[in-house]
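Peer 1: Residue strings, one per chain:
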Amino acid sequence: MCKNKSLVGMMTDFGLRDHYVGVMKAAMVALCPDLRIIDISHELDPHNIAEGAYLLWASYRHFPPGSVIVAVIDPGVGSARDIVGAKIGNGTLLGPHNGLLDLVLWEERVKAVTVIDVHKTFTRNLLPANISRTFHGRDIFAPLAAHLAAGKRLSAMGTPTTLDWISSPFVEAGSPETTPGVLHIDRFGNIVTNIRNTFPGVESRRLTLGITGRHITSWADAYEEIGRGEICMIPGSSGLVEIVMKERSAAAFLGVKRSSRVQIRREAKQ
Amino acid sequence: MCKNKSLVGMMTDFGLRDHYVGVMKAAMVALCPDLRIIDISHELDPHNIAEGAYLLWASYRHFPPGSVIVAVIDPGVGSARDIVGAKIGNGTLLGPHNGLLDLVLWEERVKAVTVIDVHKTFTRNLLPANISRTFHGRDIFAPLAAHLAAGKRLSAMGTPTTLDWISSPFVEAGSPETTPGVLHIDRFGNIVTNIRNTFPGVESRRLTLGITGRHITSWADAYEEIGRGEICMIPGSSGLVEIVMKERSAAAFLGVKRSSRVQIRREAKQ
Amino acid sequence: MCKNKSLVGMMTDFGLRDHYVGVMKAAMVALCPDLRIIDISHELDPHNIAEGAYLLWASYRHFPPGSVIVAVIDPGVGSARDIVGAKIGNGTLLGPHNGLLDLVLWEERVKAVTVIDVHKTFTRNLLPANISRTFHGRDIFAPLAAHLAAGKRLSAMGTPTTLDWISSPFVEAGSPETTPGVLHIDRFGNIVTNIRNTFPGVESRRLTLGITGRHITSWADAYEEIGRGEICMIPGSSGLVEIVMKERSAAAFLGVKRSSRVQIRREAKQ
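Residue numbers (the numbering used here), protein chains in the order written: chain A, 1 to 270; chain B, 1001 to 1270; chain C, 2001 to 2270.
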């Protein structure tokens, strides 16, 4: 029933100090003993849906075909917010319907998701007897992820709903209305913007950026090309433009904080 | 010898910055290549036995039958403190005899544990040739956990000892003498008390609590029912009453610190 | 092709907050579905090659035969710095040639390493189609580690280079020229020196140390032998002399900082 190579990628804001992540994993393995689990991250700031959406987007494509990706940053746990699943190119995505999945859904051109019917999945014995209203990670997300990894069909877990997308979350060709901004600051202090490496002006290095009052015009391809103390843009490894320094935190230097929404100007290089 | 689905749950206070956890895992897998390991937590404050006991208790029941749970918060490492193992409903528990296992042993109504005989297990080739006196996690706990997961009998590793329990660690029906207090504060700032959800007055919402000079009377079932800035009790997902706020740290707001022992008053609701 | 028990030990300075570690694991498992991964550490300070070298050295010997150990603390990523692999007693070591591997290479008496030829491995389809210049962990180290774990030969991935060792990184018999110092400070505040437990004067307890202006003369074998507030040397569990206190941080007490290079005096006990 449960294939040997079933793989679950897992992201939460539960942290690694508490037992919540371990309990989710135990609940999954109890249902699917051969399940394999890869952690994407559990240490984001609590309730930080925006950064979670970025990490999910930057990771999911590297999972092999047939993977299940389950994400739980869920301040609305126990409320009427939906839990949704979606088929994507390399597997299945499961998470709360609060924006956390949006970057992946956009990237994958997903036009409809399955809204999980908790009552239906419960009556089909896919959920435990007692479902808390404060720990759906353990009681709903983990068992459904395990069942999906074991081959249960997503469509049997709920009903389809159409998504209404208006504009791209990324600054890219054909998305003139998207606001440039910061998606993520990593542990090295690299600032990840929402500007695609494919955006006009990136490849030609004619794009320049303004952030916290500073005008950034230098480009590099690798850290070694950057002088000490210099601030540079690079076409980042996830496919987005990053603002970086060499062995130093660009975010600290510029006073950009995690999850702060910084206006990014695009100016013609002179 | 070593079954494919052997599962070890692991909790230590070693942290994830050092190599200690990785070394324990390598030592286990070297003995039992197909062993699977699920981390419960390694990031508790060093030597915090009380919080470790809570995390263990809140996690162990979610592991599938046949699991081995090994816990190492062990300030007495290298001293005459005992290492004990116990059969519990879903497997085997292994750890230092310093209180760390007490909540699980109480919950499981364990009346006797096996005191590990290090000399005997050593002569039976269950331990490495050199046993340090400062890293029993690597040299004793890991190999014994691996051998238990591989099917070795706990009773062959030591001698039985009777436990003397006096009162419940939980505030529950029939434990009038137990002092109410804080068991844990999680990363969200939720305050986990030692009061069972089954304690009289919880289900009827007639119980009220006093903590750090404040009188808490509100109850909720889910975070969405809580107003901004309001402090509430909820029947927590582990089976204990928690004091929480919505998307905010109740512990920080109330000035309750991790592992601080806070007196909890029970007062009749008016 | 990919054996069930292939084991990869993994150390980076990527941290667990970002997705980088999870992406490396996904990239490995995508190539070798049955691969097993054990984390050594990902939470060292960014770019701290010296502490990484210690953690690697203190861990690698505990991995079972046939393991692959991949280490990525790589401030020179994307530059001309080499990536090297080496056969060691229990498997294969892979990492940047920046000092990170030096303690293991010294310990294992490795006299030649294989300098990875990225172009050659790329043309042999061992690397992905697009290789970034800022995330070799994902694009080079992870796939090569997976291929090594799957049985691919290291020698086919590059060309051999001889190592020139001058003196031991450890203070040990026959290394009079090595400077005594601090290799690591662990989460408990234990100070790990580079003095081998086998160094003359350690077993006889005639060795004394000076650090940050203080003269340390006490020895213990286990923490329980140490008085409250006392500073002691112990022959540490990794084979190096440590300076410790009982349930207290010796590093904080002595004002020794992580990765600070502290001069250690050796004085004859009176």
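Keep in mind that the hints were calculated from the coordinates and are not lab data. Certain hints may be false.
[To be verified] In silico DSS-like pairs for lysine-lysine, Cα to Cα no more than 25 Å straight-line:
| hint | chain 1 | residue 1 | chain 2 | residue 2 |
| --- | --- | --- | --- | --- |
| 1 | C | 2246 | B | 1257 |
| 2 | B | 1152 | A | 257 |
| 3 | C | 2246 | A | 246 |
| 4 | B | 1152 | B | 1120 |
[Claimed, not checked] To spell it out: a stretch of chain A is covered by chain C in this simulated footprint if at least three of its residues, at any positions, have a beta carbon under 8 Å from a beta carbon of chain C; those stretches are:
| hint | stretch |
| --- | --- |
| 5 | 104-114 |
| 6 | 131-145 |
| 7 | 150-163 |
[Claimed, not checked] Listed next, with one range per pair, are the computed distances between beta-carbon atoms:
| hint | chain 1 | residue 1 | chain 2 | residue 2 | range |
| --- | --- | --- | --- | --- | --- |
| 8 | B | 1255 | C | 2045 | 25 to 35 Å |
| 9 | B | 1047 | A | 218 | 44 to 54 Å |
| 10 | A | 252 | C | 2201 | 29 to 39 Å |
| 11 | A | 61 | B | 1159 | 27 to 37 Å |
| 12 | A | 151 | C | 2061 | 54 to 64 Å |
| 13 | A | 239 | C | 2174 | 45 to 55 Å |
| 14 | A | 253 | B | 1109 | 55 to 65 Å |
No residue lacks a Cβ here, since even glycine has one placed at the ideal position from N, Cα and C.
Peer 1: Each of the hints needs a verdict: does it hold here or not?
Peer 2: So, going through the hints one by one against the coordinates:
no.	hint	in the structure
1	C:2246 to B:1257	holds (23 Å)
2	B:1152 to A:257	violated (53 Å)
3	C:2246 to A:246	violated (40 Å)
4	B:1152 to B:1120	holds (14 Å)
5	104-114	violated (count 0)
6	131-145	violated (count 0)
7	150-163	violated (count 0)
8	B:1255 to C:2045: 25 to 35 Å	holds (32 Å)
9	B:1047 to A:218: 44 to 54 Å	holds (49 Å)
10	A:252 to C:2201: 29 to 39 Å	violated (45 Å)
11	A:61 to B:1159: 27 to 37 Å	violated (55 Å)
12	A:151 to C:2061: 54 to 64 Å	violated (41 Å)
13	A:239 to C:2174: 45 to 55 Å	holds (53 Å)
14	A:253 to B:1109: 55 to 65 Å	holds (59 Å)
Hint compliance for this structure: hints 2, 3, 5, 6, 7, 10, 11 and 12 are broken, all remaining hints hold.
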